[in-house]
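Going down the list, the protein sequences come from chains A and B. The first sequence: position 382 = 382 (our numbering), numbered continuously. The second sequence: position 109 = 109 (our numbering), numbered continuously.
No lab work stands behind these hints: they were computed from the structure. Hints may be right or wrong, so weigh each one.
Stated by the list, open to error - Using 20 Å as the maximum straight-line C-alpha spacing, the simulated EDC-like pairs for lysine to aspartate or glutamate come out as follows: (1) B:260 - A:237; (2) B:14 - A:447; (3) B:11 - A:401.
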Amino acid sequence: MPEDLNWAVGGEAGDGIDSTGKIFAQALSRAGRHVFTSKDFASRIRGGYTAYKIRTSVDELNSVVDRLDILVALTQRTIDENLDELHEDSVVIYDGERSWDAEVPEEQIALDVPLKSLAEDAGGAIMQNVVALGAACEVAGFPIEHLDSALEKRFGDKGQKLVDNNQEAARKGRDYVQENYDHDFGYSLDTTDEDYVLLNGDEAIGMGALVAGCRFYAGYPITPATNVMEYLTGRIDKYGGTVVQAEDELSAINMALGAARAGARSMTATSGPGIDLMTETFGLIATSETPLVIADVMRSGPSTGMPTKQEQGDLNMTLYGGHGEIPRFVLAPTTIAECFHKTIEAFNLAEKYQTPVYVVSDLAMAVTEQTFSPEEFDMDAVEIDRGKVVDEDSIDQYLDEQGRFQPHYDAADGVSPRAFPGTEQGAHMTTGLEHDELGRRTEDTEERVQQVDKRNRKVETAQREEDWSPREFGNAEAENLVLSWGSNEGAIREAMQDLDVDVRFISVPYVFPRPDLTEAVENAEKTVVVECNATGQFADLVERDTLTRVERINKYNGVRFNADELRDRITETFAAESEATA
Amino acid sequence: MSSQAHFTDFKSDKRPTWCPGCGDFGTMNGMMKALANTGNSPDDTFICAGIGCSGKIGTYMHSYALHGVHGRALPVGTGVKLANPDLEVMVAGGDGDGYSIGAGHFIHAVRRNVDMTYVVMDNRIYGLTKGQFSPTSREDFETSTSPGGTKQSPVHPLALAMAAGGSFIAQSFSSDAQRHTEIIEQAIEHDGFSLVNTYSPCVTFNDVDTYDFFRDSLVDLAEEDHDPTDYDQARQKIMDFDNIYQGILYQDNDSVGYEKRLGIKEPMNEIPDGAPEGAMDLVREFY
Ligand SMILES: Cc1ncc(C[n+]2csc(CCOP(=O)(O)OP(=O)(O)O)c2C)c(N)n1
Ligand code: SF4
Ligand SMILES: [Mg+2]
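All chains should be built: construct the whole structure from the sequences, respecting the hints.
As structure tokens, this is what we get:
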């Protein structure tokens, strides 16, 4: 595994934990170091606790691990929550002058730093977290100038004075440690000239949408999808678009549908409970053949479940949700950068095939900030395909003999022409009732079959014409096969660096249509499917597709997989005599 | 925009299957005339219809149209108008569609004040599902699901709209063709969300709220000295639940459509062929 340092800041919700952590992550990223962050919300014990964790290395990082080297603890609880991640060289930074009596276990190095009073010296108690960051720089052997740069970014638009004060606060923290703890902590953080950007999965979806030409977003706030809406707000306007905060998800998806029918690239994003409501309209989107992108940023269900916890529980929902039989595409980006690419792909698929497209990501990606080289977001490679849009000049060939536009024309490839409202001679209706080629209601048995076949044919065309390949890692010849969908890719890839067994890993970003895995599964001695849910929804699909039993690694306690545990569980699975082959 | 349209241009070639005598015929005719009289054509009009006998209007009129799911026509209209403010957007549906399953959207569409016209074909009954009580049914109205009356008070849509900050609140009657058409015309011309609650009698399932009943009891504001721009006068009339009025009860002349307040100027249907210029700046923001 890469040589890394694991750092965290934790305290009460409201202690500014998130922004403190983000500043440190930014400092590391600006120093040319890779960063992979995670957040602890709420509780192993009781409400209130939150932490921001950073794993950093000069090498690429794709996972969290369960080890903490430096912990800034603003509350006792922060220490208690993280006991099993601390080791004998861990350093705990805390403020002994605060009202709580910190009990730092003896194995750890306790660094009592008067955060609050040093902050007051620098200009205000509010900067106590920044004092802690300065102290952390000293412990980690990290040049404070990079922290300066992050503070500049964070406070720059609020005036130089504030920047100066914060930089001063950081120095007070650093100096205090230098002067009072004559100790080599054994950490040193190299910097590089690499140029990284730091973003999370929701931001990547939002940026993908902007780049893809999305002009309309309607949504209703819900963790962990809200960030998509917040990202687009204020940015989409610059491109002539808008964001609407709707009264609920029933409304949000219908607004997005209306905008799409008006010709805008349009989307909404939500999480499981919102998908439940949106499912009412999902069939209408498909039968009216409206292009729409719906992002489902999964969290732990069912019902309100664990709103700030990870789960990949919505596979069946996005694949089968809605009454009747509904053609759709379901994409499941496997990394944060892929959230960007798959969102662009989703818009093209939606418009080319006039079909709803789910982009299924999850909380693990939504709350993780990860570094990428800017080249990962290659704008020159972005292609926009709006499909069969007709205008005044080309509309003639799509009118029937009575001069009527046929929005559901029974084309050979299943894809009908599309006329944006305002196009002369293009006026047409459409409906969620079964309809004829003109969009008029019908219950005629032949027309019904024609329209069902036509809609399904679009999927067949897409299956043929588009690239649905999975991503491959490891040894393609290995007899042990690991399969996974969505965000587990990073943790599995890191686990593989430390595996004693040889494995082939296929990471699947398409749930529907999906790549045919039959050959891979048949060629493997043993296959294991890794996913963050209890029942193995993707494993079920694989078994059905390949008619072969597979092993399963599931996790549903609300916490994402990390590389350490996957290394152990994958090793165990392949070492064990399999039931399937026994 | 094409040359001046005639109201029959807004008729589709589908023959309505409404019961002979249904109020929805008159409501629809007035809408078509009002659209033509205000200079609109089918190619730049978008109609969103709900589900119900009333909702079938989307099928019988000719324009760009979406006949959606039960109760959600207003959000669809909102999306259409925001994405293309050049379109004339009209939303139509029943009293159940708008004031029961869609009641939440109704309140919020009123307060959002997007420039569109909402015609509620109010027959005080569920027609399509064959005669259950609706949210506007009287308290003592007996139906298959309310044998001893509904035992609940009816909603007062105009009052709901006023409480939600409505900027154009009107009521019409499908069989008073001229007034109905006039009122819809003014609703179309209003900048903001216009509610027109149109009594459209159901001759098959409602033997109480009949043509005769509405003819006898409707008070036409045109014959009264009513100033719709006077909020207090409007409130008095709207809160007067003992009478029913025809006409524009309230209009805020200072109203500005939400799409304008958002600064939306152009239709959103044109986008660049690839990533927009300067797209790399979006990435640099994350440095
Ligand atoms: C989700 C859903 N629930 C129930 C129905 C059945 N349904 C269709 S129309 C309707 C009520 C129609 O009443 P109203 O809106 O007043 O229209 P009207 O037929 O009276 O014009 C109902 C309950 C449906 N289509 N969808
Ligand atoms: S049932 Fe009533 S509302 Fe429906 S078409 Fe017949 S008369 Fe009209
Ligand atoms: Mg009704």
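Hint check: residue 260 of chain B vs residue 237 of chain A, CA-CA at most 20 Å. Holds or violated? OK: residue 260 of chain B and residue 237 of chain A at ~13 Å, within 20 Å.
Given pair status - residue 401 of chain A, residue 11 of chain B, alpha carbons within 20 Å: Holds, because 18 Å separates the two Cα atoms, which is no more than 20 Å.
Is the straight-line distance between the alpha-carbon of residue 14 of chain B and that of residue 447 of chain A 20 Å or less? Since the Cα atoms of residue 14 of chain B and residue 447 of chain A sit roughly 16 Å apart, the hinted pair holds (cutoff 20 Å).
Comparing the model with each numbered hint stated earlier shows that all of them hold.
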